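Trainee: This is what each chain is made of:
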Amino acid sequence: MSFPWAKHYTPSTEFGQWMDEKLPLPRFVYNSLGAGYPAPRNLNYMWNFGSLAGIFLVVQIVTGIILAMHYAANADIAFDSVEHIMRDVNSGWMFRYAHANGASFFFMAIYLHIGRGLYYGSYKAPREMIWLLGVVIYLLAMATAFMGYVLPWGQMSFWGAKVITGLFEAIPLVGTPIQELLLGGFAPDNAALNRFFSLHYLLPFMIVGVIILHIWALHIPGSNNPTGVDVKGPQDTVPFHPYYTAKDGWTLGLALIFFSIMLFFMPNFLGHAENYIPANPLSTPANIVPEWYFWPWYAILRAFTVDFLFIPAKLLGVLAMFSAILVWFFLPWLDKSPVRSGGYRPLFKKFFWFGLIPCIAVLGYCGGAHAEEPFVMMSQIATAYYFAHFLIILPLLSSFEKPEPLPNSITEAVTGKPLEQAS
Amino acid sequence: MVRIFGMLIGLFFTGWMLVTFVLGANEYVTNPPVKAVEYQFHLEPKEASFKSDGPLGKFDRQQLQRGFQVYKEVCAACHSLRLVAFRNLEELGYNEDEVKAIAANWPIPTPDIDPATGEMSSRPSLAADKFPKPFANDVAAGAANNNAIPPDLSLITKARHGGAPYIYSLLTGYQDPPAELPESSRPGPGLHYNPYFPNLNLAMASPIAGDDMVSYSDGTAATVDQMAMDVSAFLIWSAEPKLEERHQLGWAVIGFLLIATILAYLSFRTIWADVKAEKKKKEA
Amino acid sequence: MATVETAESAVSEEGGVRRRDFINIAAVSFAGAGAVATVFPLVNQMNPSADVLALASIEVDISAIEEGQSIKTSWRKQPIFIRNLTAPEIAEANAVSLDELRDPETLADRTTAGKENWLITLGVCTHLGCVPLGAAQGEVKGEYGGYFCPCHGSHYDTAARIRKGPAPTNLVVPEHEFLSDTVVKIG
Numbered sequence: 001m002s003f004p005w006a007k008h009y010t011p012s013t014e015f016g017q018w019m020d021e022k023l024p025l026p027r028f029v030y031n032s033l034g035a036g037y038p039a040p041r042n043l044n045y046m047w048n049f050g051s052l053a054g055i056f057l058v059v060q061i062v063t064g065i066i067l068a069m070h071y072a073a074n075a076d077i078a079f080d081s082v083e084h085i086m087r088d089v090n091s092g093w094m095f096r097y098a099h100a101n102g103a104s105f106f107f108m109a110i111y112l113h114i115g116r117g118l119y120y121g122s123y124k125a126p127r128e129m130i131w132l133l134g135v136v137i138y139l140l141a142m143a144t145a146f147m148g149y150v151l152p153w154g155q156m157s158f159w160g161a162k163v164i165t166g167l168f169e170a171i172p173l174v175g176t177p178i179q180e181l182l183l184g185g186f187a188p189d190n191a192a193l194n195r196f197f198s199l200h201y202l203l204p205f206m207i208v209g210v211i212i213l214h215i216w217a218l219h220i221p222g223s224n225n226p227t228g229v230d231v232k233g234p235q236d237t238v239p240f241h242p243y244y245t246a247k248d249g250w251t252l253g254l255a256l257i258f259f260s261i262m263l264f265f266m267p268n269f270l271g272h273a274e275n276y277i278p279a280n281p282l283s284t285p286a287n288i289v290p291e292w293y294f295w296p297w298y299a300i301l302r303a304f305t306v307d308f309l310f311i312p313a314k315l316l317g318v319l320a321m322f323s324a325i326l327v328w329f330f331l332p333w334l335d336k337s338p339v340r341s342g343g344y345r346p347l348f349k350k351f352f353w354f355g356l357i358p359c360i361a362v363l364g365y366c367g368g369a370h371a372e373e374p375f376v377m378m379s380q381i382a383t384a385y386y387f388a389h390f391l392i393i394l395p396l397l398s399s400f401e402k403p404e405p406l407p408n409s410i411t412e413a414v415t416g417k418p419l420e421q422a423s
Numbered sequence: 001m002v003r004i005f006g007m008l009i010g011l012f013f014t015g016w017m018l019v020t021f022v023l024g025a026n027e028y029v030t031n032p033p034v035k036a037v038e039y040q041f042h043l044e045p046k047e048a049s050f051k052s053d054g055p056l057g058k059f060d061r062q063q064l065q066r067g068f069q070v071y072k073e074v075c076a077a078c079h080s081l082r083l084v085a086f087r088n089l090e091e092l093g094y095n096e097d098e099v100k101a102i103a104a105n106w107p108i109p110t111p112d113i114d115p116a117t118g119e120m121s122s123r124p125s126l127a128a129d130k131f132p133k134p135f136a137n138d139v140a141a142g143a144a145n146n147n148a149i150p151p152d153l154s155l156i157t158k159a160r161h162g163g164a165p166y167i168y169s170l171l172t173g174y175q176d177p178p179a180e181l182p183e184s185s186r187p188g189p190g191l192h193y194n195p196y197f198p199n200l201n202l203a204m205a206s207p208i209a210g211d212d213m214v215s216y217s218d219g220t221a222a223t224v225d226q227m228a229m230d231v232s233a234f235l236i237w238s239a240e241p242k243l244e245e246r247h248q249l250g251w252a253v254i255g256f257l258l259i260a261t262i263l264a265y266l267s268f269r270t271i272w273a274d275v276k277a278e279k280k281k282k283e284a
Numbered sequence: 001m002a003t004v005e006t007a008e009s010a011v012s013e014e015g016g017v018r019r020r021d022f023i024n025i026a027a028v029s030f031a032g033a034g035a036v037a038t039v040f041p042l043v044n045q046m047n048p049s050a051d052v053l054a055l056a057s058i059e060v061d062i063s064a065i066e067e068g069q070s071i072k073t074s075w076r077k078q079p080i081f082i083r084n085l086t087a088p089e090i091a092e093a094n095a096v097s098l099d100e101l102r103d104p105e106t107l108a109d110r111t112t113a114g115k116e117n118w119l120i121t122l123g124v125c126t127h128l129g130c131v132p133l134g135a136a137q138g139e140v141k142g143e144y145g146g147y148f149c150p151c152h153g154s155h156y157d158t159a160a161r162i163r164k165g166p167a168p169t170n171l172v173v174p175e176h177e178f179l180s181d182t183v184v185k186i187g
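Chains as they are written, first to last, in our numbering: chain A, 1 to 423; chain U, 1 to 284; chain Z, 1 to 187.
Chain A extracted, bound-state conformation (with noise of 0.2 angstroms):
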């Protein structure tokens, strides 16, 4: 779709024209991320997430795809060829630090691009779709995360295998042979690492295919904006390109210096020594966590520690730790008020600035930490309120919440004055 007022594509040389019959393959990346998508132009720098992890997913594939030309993916070998990739070969340490540190940065720019799509309310209606497919997208990273995780075959690769392909375990009666099936055997083993690689290589791939999806259902409506309020006419919109293909374009900019300084001077500040240790069956780090992204998902696992009626604490952990994901596939559902954006909700605002923000915040502390008081405790605070947040409170809160007077236009927005009819 597109606005009535979008530019249309003309192609200048015959090359152009003799391609837009055979192929219009120039048209569709012109109206798709050009100047023929008007976007709205008062999008501030929470917008810019989006295709700054996009081009870390870029990053990670091609970094990843060179890793793959040198790894061997054995149990015997893949310390050792990993370590191969760090001294000898040509630049390697190169790739194998921005491959490892590449993926913090996807999920930091995934993280913010989410919790843009949750304080302006860019999951609620025409917008479900688009919400929807970020979701799956965010799952499949998650998947490919873990995985390659494990490729190393370091002490925390390994037991990090087994902790959460343990987690099937808790599932009542077929959980141990799901295990098994997982893992090709009772333990993390060649076939766990075998398959764990191609599922990594594969994966991404699924990743930027949800991804297309995830832009052209995004291309339906149109891109979502600071006030949540419709675009209305050709006033309130600029062309993608060369306005917000500007503003991408510094920003990325920024993005690369944050990570050189962390590829370049601290690579191994988000990781953890325990990898460096070949992985040993017979030894247990000893504090087994996931990378620092998977922390708030891993402080709700662990908090559960108690039994229910005959619902072990294990599996309720587990439930809890999906259903705390899952939750946002209904969120535009759950979310009732017909704001969309948390600038013009008074309550939504508070809630989320001094509820969810401090939440994650602790889970995912309390994820990082030592399983030990107070952080299990801290933890089960932060897991109530968490479950409430999205289960309770937003569902009840359009009941009670008055909205602040929407402006009428994008353009009165940003100019403070009534929409002129112009043009």
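Hints are computed from structural coordinates only; laboratory data are not their basis. The structure displayed is predicted, hence computed values, not measured ones. Using N, Cα and C, we set each Cβ at its ideal position, and we do this for glycine too. Some clues are possibly wrong.
What the hints assert, rightly or not - Examples of chain A residues lying across from chain U (beta carbon under 10 angstroms, computed): (1) Ser-91; (2) His-99; (3) Gly-271; (4) Tyr-276; (5) Val-306; (6) Phe-310; (7) Leu-396; (8) Phe-400.
Unchecked claim - To be clear about the criterion: a stretch of chain A counts as covered by chain U if any three or more of its residues have a C-beta under 8 angstroms from a C-beta of chain U, and this derived list gives those stretches: (9) 73 to 86; (10) 208 to 219; (11) 324 to 338; (12) 368 to 376; (13) 382 to 395.
Claimed, not checked - With a Cα cut of at most 25 angstroms, we get these calculated BS3-like pairs of lysine-lysine: (14) Z/Lys-185 to U/Lys-130; (15) U/Lys-51 to U/Lys-158; (16) U/Lys-276 to A/Lys-7; (17) A/Lys-232 to U/Lys-279.
Use these hints to put chains U and Z onto chain A, whose structure you have.
Mentor: Showing chains U and Z alone in chain A's frame:
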């Protein structure tokens, strides 16, 4: 429907979490957890700075050579360095012939197949070989060391919390157990007290027992402290041999990105200038 | 088309145009240069790694090779023939007139002065890369007493020069140097 089901699920999880919290908090108050003895006596690594620290860090090749000497004469009898090859020593400032001589005269030969008989045998090492291991396998290593397998040192400064300062602290941290240390945490037979080690007692006896265990050819006094620093510096290199390359490339890349980002920012400002101007005009 | 109009009116401001164009072009060229510079390591990582390069030269003990014998060894993952020529073989090689040869080289060109009996060549036929016969005991040595490639019938003489068959050039003599009477360094 979605909201009703959601609320039921939400009430369940939230409620059960709160119940769990109350039970846990009650337990915490009535029966507070006791910190393990290790926590009371365990020490964080000492402050130790190396030339390779920080974004401008470079290796001190003289120190690396001294550290290599300590590794060779003190550590190598038990600890392998299996990811490092003799040829890598050229990065420490040795020339090709010196490296060949070091490899050929290394006390442990490289295992190989006898070309005449096909039986397992060994030969003097070549520059291209990795450092041979002092023990054929982990079982042999455990059997010779009271079941404590000496860890490989190639990555040790990256594989331990605290990095090189931890290694330095461990090497210089051996002491008699304090009098107030409870009986259960005292070193058993074959163990040695060291407050920098996570569970306080380790199987390795103080490897650098006294001054002048090695004699440095560059005239540096071989004090315990000096030798511990030198071998820690060497182990930083063995774990991260590309550190200098990484730092140098980092400055070049960041410098480039700074200029590119400033240009991109200016470009962004000029492209948006008309939209901003329109906004101002309307405000005026 | 309000925004488009404003964009066009902005362009018409004299002087501003050049500065704007310059900054946009500079920014895009910088990004382009960065992208091009990134391509180098992306491609260079496929070049031989340090551990492969470390095996680029080998030292071979030739003391056990008697006159008339040859050995096959491996260098850079390719076969190497080291042959201790007999006096008649040397004479035979020297007797050939250079005019008769497809790839004219004398035995002296292909061996080290004073060590003419040591013929060191790659065991790779210059036609399509098969390994010629003749280095191991009992193998066919071809019509000219050197090597014979069974794939397409190239015959090499006792100086490993191509004499008959499709191969265009002589067997390649790798760079080598005698470190002592019994040790030769190849590569």
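Trainee: Are the hints correct? Go through all of them and say.
Mentor: Hints, verified against the model:
With its C-beta approaching chain U no nearer than about 9 angstroms, A/Ser-91 sits inside the 10 angstroms limit, and its interface hint holds. Annotation: interface hint on A/His-99 violated; nearest CB of chain U at approximately 15 angstroms, more than 10 angstroms. Look at A/Gly-271: its Cβ gets to within about 9 angstroms of chain U, closer than 10 angstroms, so that hint holds up. Nearest Cβ of chain U to the Cβ of A/Tyr-276: about 4 angstroms, under the 10 angstroms cut. The hint holds.
Below 10 angstroms, beta-carbon pairs count as interface contacts, and A/Val-306 has one with chain U at about 5 angstroms; its hint therefore holds. The restraint placing A/Phe-310 at the interface with chain U is violated, with a minimum CB-CB distance near 14 angstroms, outside the 10 angstroms limit. For the restraint placing A/Leu-396 at the interface with chain U, the shortest Cβ-Cβ distance is roughly 8 angstroms, inside the 10 angstroms limit, so the hint holds. With its C-beta approaching chain U no nearer than about 15 angstroms, A/Phe-400 sits outside the 10 angstroms limit, and its interface hint is violated.
Only residues whose beta carbon comes within less than 8 angstroms of a beta carbon in chain U count, and the segment 73 to 86 of chain A has 3; three or more means the coverage holds. Against chain U, the segment 208 to 219 of chain A contributes 0 residues with a C-beta closer than 8 angstroms to a partner C-beta. That does not satisfy the three-residue criterion, and the hint is violated. With 5 residues having a Cβ less than 8 angstroms from any Cβ of chain U, the segment 324 to 338 of chain A passes the three-residue criterion, so the hint holds. Beta-carbon proximity to chain U at under 8 angstroms applies to 4 residues in the segment 368 to 376 of chain A; the threshold of 3 is reached and the given coverage holds.
Remark: the segment 382 to 395 of chain A is confirmed as covered by chain U, as 9 of its residues place a Cβ nearer than 8 angstroms to a Cβ of that chain, reaching the required three. The suggested pairing of Z/Lys-185 with U/Lys-130 holds, with an alpha-carbon distance near 21 angstroms, which does not exceed 25 angstroms. Straight-line distance between C-alpha atoms of U/Lys-51 and U/Lys-158 comes to about 17 angstroms, which keeps the hinted pair within the 25 angstroms bound. As the CA atoms of U/Lys-276 and A/Lys-7 are separated by approximately 21 angstroms, the hinted pair is consistent with the 25 angstroms bound.
Under the criterion of a C-alpha separation no larger than 25 angstroms, the hint pairing A/Lys-232 with U/Lys-279 is consistent with the structure, at around 17 angstroms.
Consistency note: the structure conflicts with the earlier hints numbered 2, 6, 8, 10.
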